[in-house]
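*Asks:* Sequence:
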Amino acid sequence: MRLRRSLAVAVAVAVTTPVALFTAAPALAAGAPAAQTQNQPTYAELKKAAADAQKAYEKALAAKEQGQEKVKATLEALDSDTHPLKAATITADKAAGEAAAAETAAEKAVRDAEAAVEAAQGETEKAEAEKALETAEADLAKAAEAKEKADAAAEAARTALDDARVAAVREYSVLKKALDDALAAKEAAEEALGTAEECVRETGLTSLAVGLPSEVVAGTTVDFTLRVTNGTERTLTVDPLAFVHVDGERGGEKSRLAVEWSNGSGWHALNGDEPEHIAHIDTMAPGERSDVKLRMTVAPDAASADAFALFAADASSAYRPCVLGPMKRYDFELLPAGSDPGPVDDADPGQTGKDDDQRPATAGPGTTPQGGAAGQPVTTARTTPTTRTAATGTGTYGTTAVTGGTLAQTGTSPALVPLGAASAVAVALGAGAVLAARRRMTADR
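With mature numbering (1 follows the signal peptide of the UniProt record, and there is no 0) applied, the sequence shown covers -29 to -1, 1 to 416.
Result set (DSS-like, lysine-lysine): computed pairs, CA atoms no more than 27 Å apart in a straight line: (1) Lys43 to Lys30; (2) Lys35 to Lys147; (3) Lys65 to Lys79; (4) Lys18 to Lys30; (5) Lys102 to Lys113; (6) Lys65 to Lys120.
For the record, the hints were derived by calculation from the structure and aren't laboratory data.
No experiment lies behind these values; they were computed from the predicted model shown.
Given only the sequences and the hints, what does the whole structure look like? Please build it.
*Replies:* Below is the structure:
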């Protein structure tokens, strides 16, 4: 019983001392084969789950803090001499002490009586001594019985006090365990939501220029089409991304190109300084396509120059708020007024450069896109064929994920879709602007 009492006191002291409660829960592995996503939670469901988990954690934390105060107060009360259990223990211990003293006195009386028997002279004196010994032995038996009862009562009183301490600590430990579980659930829900919020690349979401000539004469206007196709297995909300620019033009200066777009509700001018979203599409079912009309007018005094167009499609679905289609680059030439180029072929998408499928380390909120500062020359280069250095998607939701500017394979989880690669970013001019525009779109949603 001494061990039990010592353990109870040690635990009681421990729980009244501030301790670190928060430990890292195991992270959820992200990703699952597309065929296994039929039970995948939607982004709205993940967001609600994270909010609910946060509330549950806050509730558990409040309960734990209240429980800690309660167990502290209970233990302090149990240590007070005025508490019934502690008072009973004091009384019982006192009674046990008195019984022990009485037994000790009775034992001495028996020894004294035994000595008297030994020293008795004659039959009469010896008989009296033996009678006194019998009385002393009877008194000792009563004292021993009284001591045994008093010891049992004292032990019962101490056990009741210890049990009360242990019960208080046990109640607190249940609350602490509930908090640990709530923290693990909260971290898992936040991990799942964070994974769903990461931008994924979807190669099936394509944006192609149709009818954009490879040569355009100054003073003329050409019409072409941006064709966006949802080649994925999900219904998407899509924002096409467009940027048309002349090599070497400075940000903010008057461009030699004026580009407008229309989706049937009038014509709208591109700003010409950075990529921008056009012709928002609320719903695109799998397999659907949408055509956006564009027209480009070259200033009459434009000299020969190289120009390019960048097109992509940014989207969201019920499962991912940031889905990015691959970037396409079209290079074309501006010819002086009066030139006769003869039959002109359409511009073809150029080979993707080594930086097309990587997110620049300097790109992000608060950074200045290349060429974005007024008066700074735009640095561009005509794209030449290179070997693609980054992994690409497979037409399903996410096969690769961006980690610190590089692409890395992800793990699997039955609760989440696979992560995809971050979107392609335009080479040279506007690389940072593309990313910034896409992130603004995501934040607005």
